[in-house]
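Throw the hints in and build the complete structure from the sequences for me.
Protein chains in written order, with numbering that gives the first Met the number 0: chain G, 0 to 294; chain D, 0 to 336.
There may be inaccurate statements among the hints.
[Said to hold, decoys possible] One-sided excerpt, in silico: chain G residues whose CB lies under 7 Å from chain D: (1) Ala-185; (2) Tyr-186; (3) Ala-189; (4) Arg-191; (5) Asp-193; (6) Ala-194.
Keep in mind that the hints were calculated from the coordinates and are not lab data. Just so you know, these numbers come straight off a predicted model, no measurement behind them. Glycine included, every Cβ here is placed at the ideal spot set by N, Cα and C.
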Amino acid sequence: MEKPLNNRAWLMVAPVLVLVLFSALLPMMTVVNYSVQDSLGQNQFFWNGDAWFRDLLNPSTEIGARFSDALLRNLSFSLVTLALEVPLGIAIALCLPRGGWAVGPLLVIIALPMLIPWNVIGTMWQIFSRADIGLFGAALTGLGLHYNVTQNAISAWCTIVVIDVWHWTPLIILLTYAGLRAIPDAYYQAARIDAASRWATFINIELPKLQKVLVIAILLRFMQTFMIYTEPFVVTGGGPGSATTFLSIDLVKIALGQVDLGPAAAMSLVYNLITLTICWIFFTIMTQLDRRRYA
Amino acid sequence: MALHPINHVWEQGRAYALLGPSGCGKTTLLNIISGLIFPSQGRVLFDGKDVTQLPTEQRNIAQVFQFPVIYDTMTVGENLAFPLKNRRMERAAIKARVAEIADLLDLTNDLSRRARALTVEAKQKVSLGRGLVRADVAAMLFDEPLTVIDPALKWHLRSKLKAVHRALDLLMIYVTHDQVEALTFADEVVVMKDGRVLQVASPAQLFERPEHTFVGYFIGSPGMNLIAAKVSDHVAHVSGHDIELGARYPKIKNGDAVIGFRPDFASLAPEGGIPVQVRRIEDLGRRRLARVALGPHEIFANVPEGVSIGGGTAGLSIQQDRLFVYVDDELVLGDRR
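In structure tokens, the structure reads:
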């Protein structure tokens with residue numbers, strides 16, 4: 000069927016385009032503008048070409064080293080949290096009852112951590128993890144562990160990871176649970192008739208049917224962990240040393256602490272591009288899965 | 000879902016159909032047999048052994064569902080081998096059995112294909128095959144297995160089922176709400192309604208001698224003519240006319256009853272018999288069917304070949320040995336003289 004062509008339709012989308020212009024495009028372009036200029040203060044700028052970008056991507060420069068270190072921290076943080084949250088979330092979702100009165104209250108309780116604002120989470124855990132008065136910190140110290148968020152890099156890292164797992168595993172649980180509920184009973188009945196073990200049922204029925212929902216969960220969790228800011232900012236302040244200085248924290252230090260607008264702008268653009276590229280890869284995987292399913 | 004007490008022996012090697020409208024308890028009964036749900040009362044015996052409390056896995060039951068259930072990640076061959084693998088059968092034996100069943104179902108060429116990529120019909124054949132590979136199944140249960148199949152292919156799959164039944168000497172129980180499916184598939188049909196078994200009989204018996212008004216109405220197209228009547232001894236009074244019943248019914252309280260006869264056993268003539276008003280005559284190709292009125296009652300009847308009905312009034316005659324009397328929907332037997 001031939002679709003009618005009507006250019007007046009553009010008028011209909013114009014308001015959205017204007018909105019996007021002000022909300023995303025203009026701020027973005029100021030950042031692009033900063034990234035190719037240098038300033039000596041007094042609001043005087045001069046052209047600097049791609050020098051900031053070359054510095055940034057060259058690990059032998061000071062800023063390049065900071066960037067690559069922080070990027071590595073971000074990637075490993077995302078990998079570690081995903082590796083913990085996804086299996087844990089699936090495991091808990093599988094243990095939840097399939098129906099009955101308990102489901103509602105259980106889901107609400109599970110979802111509670113997600114409803115707490117980031118800042119509050121950070122503050123809560125900052126106190127919680129203190130070795131002198133915090134329940135978590137004091138308990139670990141009491142067990143004879145060398146636990147100190149402000150001095151020990153491993154303690155700081157583990158704490159940030161634990162916070163994220165505590166805060167966001169519920170998202171995986173809820174998505175997985177919804178995915179599991181969407182599997183028709185007949186599949187489970189057929190598995191019983193075929194005498195499939197619990198593990199075989201999981202591998203051959205549940206996991207394939209969860210594929211799509213898990214890709215979405217992983218994408219969401221990746222984006223959020225890759226952009227992590229508030230928790231390390233509040234709990235560790237990026238330390239000890241620069242052990243938990245993630246990209247966003249470093250970015251704020253450069254842009255607002257040192258007021259190096261040019262390097263900060265270049266860094267945020269590259270940061271943004273990395274996030275976009277990874278999202279694009281996920282999106283491609285998702286659409287490919289769809290195509291295979293309906294082929 | 001509530002079921003009324005059912006006492007029935009399902010015999011090895013026979014094909015049964017559970018027939019009834021949606022929500023009549025067919026699937027519930029099937030799931031009780033397969034152990035997917037447990038009855039609050041009653042027992043299920045396999046070869047005299049009580050299996051009521053045994054889980055599905057230990058019952059040697061195969062079941063095919065309304066929608067094809069296949070394991071997405073596996074090939075067709077792996078799908079077919081899955082139930083045997085889970086029961087720890089030897090590799091070589093599995094391979095031989097899978098090849099045999101694939102051959103029976105025309106799936107041999109698809110064995111190495113991903114099951115996900117198949118058509119719905121082929122997927123349903125795979126589901127069926129997963130039941131059939133187990134040589135020792137006590138019964139093969141089907142829960143409306145042809146619902147999602149294209150009408151043009153239904154016939155093909157149904158004849159495949161019949162062929163499988165002949166080849167493997169299995170007890171098959173087939174749930175359906177489609178009378179054509181039930182009557183063509185089964186040796187014996189169990190007609191159910193509202194959780195109650197109304198009649199268990201061969202397709203021919205269901206047609207010729209319905210034991211319940213619902214059976215008469217549900218089976219056949221159009222169904223049985225059912226008319227409220229006052230029965231006194233051997234005569235039924237219907238809106239001022241007397242219909243000879245061919246048997247004595249002395250025990251009917253107040254004479255309140257329903258008389259029933261199939262259109263196929265009632266014929267119309269220009270005159271003679273019971274006078275009725277002709278409403279309409281439909282030519283169905285193989286036969287002509289008349290819709291006539293007897294007082295307020297509408298009746299379907301055959302118009303024999305060579306008879307021409309002008310309209311207005313005509314005479315209806317009913318074969319007496321195919322005229323039944325029902326009280327409270329149940330068949331009442333009279334004393335034949």
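Mind listing which of the numbered hints don't hold for this structure, in increasing order? Going through the list in order, the structure violates no hint and respects every one.
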